[in-house]
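A.B. asks: For reference, the chains in residue letters:
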Amino acid sequence: MKPDRKFVMLIAALVIALFFLPFVTDALLGRGWVRILDFAMLYIMLALGLNIVVGYAGLLDLGYIAFFAVGAYCYALTDSPHLAQAFPMLFPVGVHLPFWIVLPMAALVAGGFGVLLGAPTLRLRGDYLAIVTLGFGEIIRIFLNNLNAPVNLTNGPQGISFIDPISVLCVSLNKTQTFFGIAFPSVHLYFYLFLAFTALVIFVSQRLEKSRIGRAWMAIREDEVAASAMGINTRNLKLLAFAMGAMFGGASGALFAGFQGFVSPESFSLMESIMVLCMVVLGGMGNIAGVILGGVLLALLPEVLRNIVVPLQQALFGRTLVDPESLRMLLFGSALIVMMLYRPAGLLPSRLRRREFGGDDAAAEESVYDATH
Amino acid sequence: MPHTEDALLLASHIGKQFGGLSALDDVSLHIRRGEIYGLIGPNGAGKTTLFNVITGLYQPSAGGFQFNGMHYESGKPHLLAQAGIARTFQNIRLFANLTALENVMIGRHVRTRAGVFGALLRDRGTRKEEHAITVRARELLRYVGIEKPAQTLAKHLSYGEQRRLEIARALATEPLLLALDEPAAGMNASETENLKTLLKTIRTSGVTVLLIEHDVKLIMGLCDRVAVLDYGKKIAEGAPEEVRKDPAVIAAYLGGGGD
Chain Z
2 MKPDRKFVML IAALVIALFF LPFVTDALLG RGWVRILDFA MLYIMLALGL NIVVGYAGLL
62 DLGYIAFFAV GAYCYALTDS PHLAQAFPML FPVGVHLPFW IVLPMAALVA GGFGVLLGAP
122 TLRLRGDYLA IVTLGFGEII RIFLNNLNAP VNLTNGPQGI SFIDPISVLC VSLNKTQTFF
182 GIAFPSVHLY FYLFLAFTAL VIFVSQRLEK SRIGRAWMAI REDEVAASAM GINTRNLKLL
242 AFAMGAMFGG ASGALFAGFQ GFVSPESFSL MESIMVLCMV VLGGMGNIAG VILGGVLLAL
302 LPEVLRNIVV PLQQALFGRT LVDPESLRML LFGSALIVMM LYRPAGLLPS RLRRREFGGD
362 DAAAEESVYD ATH
Chain W
5 MPHTEDALLL ASHIGKQFGG LSALDDVSLH IRRGEIYGLI GPNGAGKTTL FNVITGLYQP
65 SAGGFQFNGM HYESGKPHLL AQAGIARTFQ NIRLFANLTA LENVMIGRHV RTRAGVFGAL
125 LRDRGTRKEE HAITVRAREL LRYVGIEKPA QTLAKHLSYG EQRRLEIARA LATEPLLLAL
185 DEPAAGMNAS ETENLKTLLK TIRTSGVTVL LIEHDVKLIM GLCDRVAVLD YGKKIAEGAP
245 EEVRKDPAVI AAYLGGGGD
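Same order as they appear, the protein sequences are chains Z and W. Just remember that this note's numbering sits 1 ahead of the position in the first sequence, which is counted from 1. Just remember that this note's numbering sits 4 ahead of the position in the second sequence, which is counted from 1.
Since the hints were derived computationally from the structure, they do not count as laboratory data.
Calculated cross-link-like contacts (lysine-lysine; reagent style DSBU-like; alpha-carbon spacing at most 30 Å):
(1) Lys159/W x Lys211/Z
(2) Lys80/W x Lys211/Z
(3) Lys152/W x Lys204/W
(4) Lys200/W x Lys249/W
(5) Lys204/W x Lys249/W
(6) Lys200/W x Lys237/W
(7) Lys132/W x Lys211/Z
(8) Lys132/W x Lys152/W
(9) Lys249/W x Lys237/W
(10) Lys204/W x Lys159/W
(11) Lys7/Z x Lys132/W
(12) Lys211/Z x Lys152/W
(13) Lys200/W x Lys152/W
(14) Lys159/W x Lys80/W
(15) Lys80/W x Lys237/W
Excised from the complex, chain W in its bound form:
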C-alpha cells in the first residue's frame, strides 16, 4: 500500500467505459507532493481519459479519487480547479479571441471574488483586485517567457507560445497539482528543452506536476516516478529507469506479443 499521508492525489480502482469500450480498467495510482509524475503509454492507452477523470471532465464508471485529503467521485471541473488541480489540454484549448493577457487573467477567476455589484460599483476593493489580477497575469506571462505578445490574440501566437500560455493560464489558478496533457507534442527539440527547464522551475516553486507524455525521452529525464498505461490498465509504475527495463512496458511499446 502506498503511504497515503504524503499523497496529493490518490486514485483508486478507477474504471471508465464508453458504451461497450473499456477505456480504463481498475487503475490505481498515487502522486506525492512535490514530484513530477509521468503517465506514459501507447496511443489509445487511456492516458487522456484518466486525465479527464482526475480533472473532473468525465465521471468515472467505477472507483474514485482523493485529492489533497478530500474525496471526489463525480467530477465538477470548476470544483477541482478550486481544490487546486489545473490542467492544459492535448489539443490546445485557449480562449482564442481574447488576448494572451486576458487568458491568464481568466485563470485568476477562481482565486478572486468580485461579483456583479463589484463590477458595477467598481469600489476600492474591486479596483485593487483588478489591479492585482493584471499584475499577477503579467508576472506569469513573464514567468513562462511570453511577456512580449501580451496583447496579441491567443490564436495568433505561435504554437510554442500557445503551449506556454496554457501553462501560464493554469498556473494563474494557483494549483497544487499542475496536470499537463502532452505539453511537448508538436514542439521542436529546442522548444522541448525550454519546456523541460520551465517544468523544473515550476516544480522548484512547490507545485506538483502530472505529465502525460508520448516522448519517452522527455519523461525519463524529468520525472521522479512514472506509470505506464496500456489498453486502459496500469502495467507498470516506479522510477523511470526501472520502468524502462520492465518487459511488459517494452512489449507494449514495441508491440511484441506480450506474455
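With the rest of the complex left out, here is chain Z:
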C-alpha cells in the first residue's frame, strides 16, 4: 500500500490543526476547555478499546469501566505516597515508579483482569454476557470502595490522592514548560501526550481490524458456530479480544490517574461504562472513525450544555429552571432513541454496512486493491 500524496497532505494538515487546537481553544474558550479536550481524548481511547470487544468480536461488555479503574489504581498505587500507610516498613515514602514502567504494567494488569472476566463468560452470549460483565464492573468498584480494611490498600471511598504527575523524558507535565520560546501550559502538554496515545490506539485498532485476527473476531461476531466449524479457536480469540480491550482501558486509566492526580471509586460507576458503550454505538460500532466521533460528541455534550443552557435560561427566565445535568440525560436519551430509529448502524456506519445501503462498488474494489498491494 503506497500512501498517496493526498493522504499524506491530509495527515499533515490534521497534525498541524491538532497541534494548534489547545492554543486556539485556550484563546477562544478558556483553559477549562483544554482540560475538557484532554478528557475527551481519554474517552476516545476507552471507546476504541471497547470497540474491539463489542464492535469487532461482538461481545457485549457493560462493565468495561472496571478496566479503566484497574489501570487508574495501578498507577495510583505505584506512583503515590499511599502505600507508605499500609506498608510503612516496606515503602517508607510510598512507591514512585517511572511512567514508562507503570503504563505497560497497568495495561498488562488490566489485560489480566480482562482474561479473568473473559474465562468464566466464554459460553455466555448477548444478554447473559451483558449481565455478567455488568456485575463484574460493579464488583471491581465495590472492591475498591471497601479495600481499606484490614489492610488499607485503596483508601476506600476517600480515594488516593497526591498521585505523581506524569513526566515524559524527565519533563514533568504538571507545570508550564517552555520549548523554543513558546510556553506550554500543563493541560496543553497532557493534550499532546493523550493525542499521541490516541493515535497509537487508532493505529493498533486499524491494524487489528484488517488482519487475520480481526477477521476471526468478526466471524465470531457474525456466527460463533460457523466460526468454530471453520477452525477458529473461539475460546482463545474471545479471550484475546477481552484482553486487548482491557489493555486499552487499563492504559487510559493510568493516564487518567496521572492527569487527575486523584482517583476514587466513584469515577468508575456503571454510568461511565454505559457512557463509553454509547460512544461506540452512537458513532458506529466496528468503525474507528465513527467511534472517535461518538467519543468526541458524548464527551463534549455535557460541557456544551452546561455552558449554553444555564446562561440561556438566565437570560430568558432570570433563573436556572432546569439543571443542565438532568437535561443532559434527557437529551442523551432522546438522541439514542432517534438514532436507533433513523440510523441504527450509528452516525458513521462501518464500511460494510454503508455499502449495504449505498452500493459503493468503486470504493470497495479500491479497498481490496489496497489489501492486496
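Fit chain W to the given chain Z structure using the hints.
C.D. replies: Same frame as chain Z, but now just chain W:
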C-alpha cells in the same frame, strides 16, 4: 469388518441422546478416501445429528470416531477443522455482514498463522500471507462460480450463490473431508445440476465428500456408497443401486409397516 486402512473416517457405535430422546443409536460407518459418501433418510432420522457429532459440534453419548487415523471422542469443532473436516450447514450459516470474499478469507484462518504481533507490525511474512489469503480466496470464488459478487455482503447473495459460497468457505480450510448438509435443499433443477458438476470436480481434486441429502435422485447419480438412517439407526449401507432395492429402505421411505 471394513478395511480400516483406506478409511478416512471410521465411526463406531455412535449414540446420541437428547434427554430421553435417542437421536442416534449404535451407528457405525466408514468413509473411504476419495469417495462421495451419501447419507440419506427420512426427516428426523438423525442425519444432521450424526453430522454434528462428526464435525465436533455435539459430543456423542456413546462411541467415538477416528478421522485420518486419529481418535476423537469429545468434539471441539476447531480441532476437527484443523484435522481436515470442513462442513456446510443445512440452514446456511454464512458470516452475513461480511463480503463473500471475506467469508472465504476467514476459511483460510486455520491454515495461516499471523497473530497479534504480525497484525500490528505487518512485517514481510504477514503481508505475504495476507496476499496469499486474498489470492486463494478469489481463486476459490472462481472455482465455485461466484467470482463476480466477491464484494457483496453474504446476506445479499442469491440462495444458490450462498450455498456455493459456503462450499468455497469450507474448501478454503483445505479439507480432507468435505461434509455437506443438504446442499441442494431449495435449489431448482438447473442449480442442482450445477451443484452435481461442482461436487464431481471437487472429488476429482482428491477431496472426500460426505453428503447428506433428501433428494434420493441426486444421491443415486452421484454417490459411490450410501448409508440410510431411520429413527437414529443405520438400516442399510452399500452401493446406491443395492440400497434402493433394500426392502427396509423402501419401507422407511414409503412409510410401509416395516417388518
